[in-house]
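Since the structure of chain W is provided, determine the placement of chain L on it from the hints.
Protein chains: 2
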Amino acid sequence: MSPHARDVYIAVIGTGGIGSVFIDQLANLHKTYPVHIHLIYIAMVDKALHYADYREIDIPTAVEAMEKHGAQPPSFSTVVNFLKDAPRPIIMADNTSSQGLADMYPEFLRNGISIVTPNKKAFSASYKLWKNIMEAAEAHESFIYHESSVGAGMPIISTLKDMVETGDQITRIEGVFSGTLSFLFNQYSSIDGSQGGEWSETVRLAKELGYTEPDPRDDLNGLDVARKVTILSRVAGCPIESPKSFPVESLIPKELESMMSADEFLDKLADFDHHMKGRRHAAHSVGKVLRYIGSVDIATGKAEVGVQIVDKSHPAANLKGSDNIISIYTKRYGALPLTIRGAGAGGDVTAMGVTGDLLKIVKQSK
Amino acid sequence: MSPHARDVYIAVIGTGGIGSVFIDQLANLHKTYPVHIHLIYIAMVDKALHYADYREIDIPTAVEAMEKHGAQPPSFSTVVNFLKDAPRPIIMADNTSSQGLADMYPEFLRNGISIVTPNKKAFSASYKLWKNIMEAAEAHESFIYHESSVGAGMPIISTLKDMVETGDQITRIEGVFSGTLSFLFNQYSSIDGSQGGEWSETVRLAKELGYTEPDPRDDLNGLDVARKVTILSRVAGCPIESPKSFPVESLIPKELESMMSADEFLDKLADFDHHMKGRRHAAHSVGKVLRYIGSVDIATGKAEVGVQIVDKSHPAANLKGSDNIISIYTKRYGALPLTIRGAGAGGDVTAMGVTGDLLKIVKQSK
Chain W
1 MSPHARDVYI AVIGTGGIGS VFIDQLANLH KTYPVHIHLI YIAMVDKALH YADYREIDIP
61 TAVEAMEKHG AQPPSFSTVV NFLKDAPRPI IMADNTSSQG LADMYPEFLR NGISIVTPNK
121 KAFSASYKLW KNIMEAAEAH ESFIYHESSV GAGMPIISTL KDMVETGDQI TRIEGVFSGT
181 LSFLFNQYSS IDGSQGGEWS ETVRLAKELG YTEPDPRDDL NGLDVARKVT ILSRVAGCPI
241 ESPKSFPVES LIPKELESMM SADEFLDKLA DFDHHMKGRR HAAHSVGKVL RYIGSVDIAT
301 GKAEVGVQIV DKSHPAANLK GSDNIISIYT KRYGALPLTI RGAGAGGDVT AMGVTGDLLK
361 IVKQSK
Chain L
1 MSPHARDVYI AVIGTGGIGS VFIDQLANLH KTYPVHIHLI YIAMVDKALH YADYREIDIP
61 TAVEAMEKHG AQPPSFSTVV NFLKDAPRPI IMADNTSSQG LADMYPEFLR NGISIVTPNK
121 KAFSASYKLW KNIMEAAEAH ESFIYHESSV GAGMPIISTL KDMVETGDQI TRIEGVFSGT
181 LSFLFNQYSS IDGSQGGEWS ETVRLAKELG YTEPDPRDDL NGLDVARKVT ILSRVAGCPI
241 ESPKSFPVES LIPKELESMM SADEFLDKLA DFDHHMKGRR HAAHSVGKVL RYIGSVDIAT
301 GKAEVGVQIV DKSHPAANLK GSDNIISIYT KRYGALPLTI RGAGAGGDVT AMGVTGDLLK
361 IVKQSK
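So the protein sequences, as listed, match chains W and L.
Mapping of the first sequence onto UniProt numbering: position 148 corresponds to residue 148, and the numbering continues sequentially without gaps.
Mapping of the second sequence onto UniProt numbering: position 292 corresponds to residue 292, and the numbering continues sequentially without gaps.
Chain W with its partners taken away, still in its complex shape (with noise of 0.2 Å):
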């Protein structure tokens, strides 16, 4: 390790699809850069471990350390106070997409812990919560970073901020911001005019090759794309209420919306074909396709989350498998936008997203 390695001191809560990888890139990270992370936290739904000197955990075999000695989680409270006499820099890295965890957020940013997470629920909750996290933050001089909550590891909430910063206008975003739609509408409505086969069996596939969640109707409802397009709409600028305060398209059948198992969901979906089936001869018939798209015009804060029919040229219409695309339309760009587009999710680069943030707090750490 550089004899310039910085020291910073970290606790991880989560250790699933996302937190596991980023557990392991943490204990690479020192090859790549000079940082030595004192891991002193480590959180699972069930189990904690801990030592009350800030002992450092091993991290290659944190996991297991914790599933062996691990204790009963404390509460988020006692979280707080145990981090809060830690040694500086102290991150807590959030890889849940728990709503208690993120409403808790401004008491560790008031505390001086710092934060990164690719959890949604925190930017995209009430503005009053967003707003009282920020200023968080603010008022105690320590740092937020969330790249991984839109786009994963891809640089969009970062090059959003420096707009922002640098005294650009954002006027108008737009994009594909689900991996799982993305995926959906590149295959039932293909931009080679091919037909594709039924939406159920569209969806029914995206389900096998594991690009929805268990229960596609947690996709399929759009809310996940609505978190996305409140949290890009704020760090532009705009003060969005909530994701349910603007128009947002489920895919749902009314009738279908609950009270039955995913399965039983996916064998109904196949009543309601009919429907998807004519807005895409819709579109086709035109040379155009299908795709779902989430929007915002920055100056009017109007947002609104569905179903599009787009032509061909449009940056949408030509993704593929289940990569996201952003559009951002600013002053200074013009007419035509800056455009990102990759994986979207996936726990490599949803990872590194989150350990970008945290090079990016020891970079700004005296």
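Be aware that a few hints might be false.
Listed next, the in silico DSBU-like pairs over lysine-lysine satisfying Cα-Cα at most 30 Å (straight line) [to be verified]: (1) Lys-366(W) / Lys-360(L); (2) Lys-128(L) / Lys-360(W); (3) Lys-277(L) / Lys-254(L); (4) Lys-277(W) / Lys-312(L); (5) Lys-207(L) / Lys-161(L); (6) Lys-288(W) / Lys-312(L); (7) Lys-161(W) / Lys-331(L); (8) Lys-288(L) / Lys-366(W); (9) Lys-161(W) / Lys-161(L).
Residues from chain L that keep clear of chain W, each with C-beta distances beyond 12 Å, as calculated [said to hold, decoys possible]: (10) Gly-17; (11) Ala-48; (12) Phe-76; (13) Leu-209; (14) Asp-273.
Hints in this document: simulated from the structure, not taken from any laboratory.
It should be emphasised that the depicted structure is a prediction, and the values quoted were computed from it without experimental measurement.
Built from N, CA and C at the ideal position, the CB exists for glycine as well.
Chain L alone, transformed into the frame defined by chain W:
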């Protein structure tokens, strides 16, 4: 201005197209970020203004004051001597394209003077200079950022650095890196299959629209693209020796390389139109298009720059206007690259990259 505003001292060298916009952004920066910019040195080719006591120069009127009260610019060594005793943090913004100033970067950095610049020369000359610069910055804890040296304000270099620092492995970089050559081929070999005019007419049109250098041969020789490929390769960890150490296809017929004016060149270029026409025909007859592409395979260090026949689904095929595009293939991103597309030239977005770099240094300064 916020009471938390940080002080930063800055020397601006170069007040041309990019420099003047940069100064304008500096003058307004306090409105969007809590920073107090102290301009203590400003210079153009034949004038420079500074005060021995590091007194602040009013930014909005700086160019005017320099033109009125400025003296003959001192040598770059004298500038280093002046700046090394300035209050910290001190940043030199090089908005020139001077190789002489680029050669002095190690001197600036060794004296604790950080650098922000869109000037490609320092990073695309000999590998030895690159190494001297990076080593000087590391040893003396000064910063050097050059986002705008490739793709103007687009987040390309910062993204590559984040990938490297967090432990991703970049495998391949490919793209269209010249706004001029993007425009020429988007016009000449359009994705909609229309033939476009003759090659020489397209070049003439680009010149008339202001898309080329005063002498279009400075774009057509490919050196600008070769420099950018060199920079990106090095940032990605591949020690390319120089922009002349790999194959670069010049679009200037051998017979027209020198000894004539730009106008005469344009007249005579028509005699060679059949060459490019044949290549276009070869591409279009199989449903493909011509694009001028730079690429590097990071593992083998194999770089090349030149005209390629690409499929219409290739990211570069669908470009508009004079947009740049870059695709970054990495281990974590897998088969589909991270792709960034947008304006890669222009005063506003180029200066924004430099201003963004400045803020990165402000944030990291103690």
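Hints and how they fare:
no.: 1; hint: Lys-366(W) / Lys-360(L); result: 14 Å, holds
no.: 2; hint: Lys-128(L) / Lys-360(W); result: 29 Å, holds
no.: 3; hint: Lys-277(L) / Lys-254(L); result: 18 Å, holds
no.: 4; hint: Lys-277(W) / Lys-312(L); result: 27 Å, holds
no.: 5; hint: Lys-207(L) / Lys-161(L); result: 35 Å, violated
no.: 6; hint: Lys-288(W) / Lys-312(L); result: 17 Å, holds
no.: 7; hint: Lys-161(W) / Lys-331(L); result: 27 Å, holds
no.: 8; hint: Lys-288(L) / Lys-366(W); result: 54 Å, violated
no.: 9; hint: Lys-161(W) / Lys-161(L); result: 18 Å, holds
no.: 10; hint: Gly-17; result: 14 Å, holds
no.: 11; hint: Ala-48; result: 26 Å, holds
no.: 12; hint: Phe-76; result: 27 Å, holds
no.: 13; hint: Leu-209; result: 14 Å, holds
no.: 14; hint: Asp-273; result: 28 Å, holds
In terms of the numbered hints stated before, the structure departs from hints 5 and 8, listed from lowest to highest.
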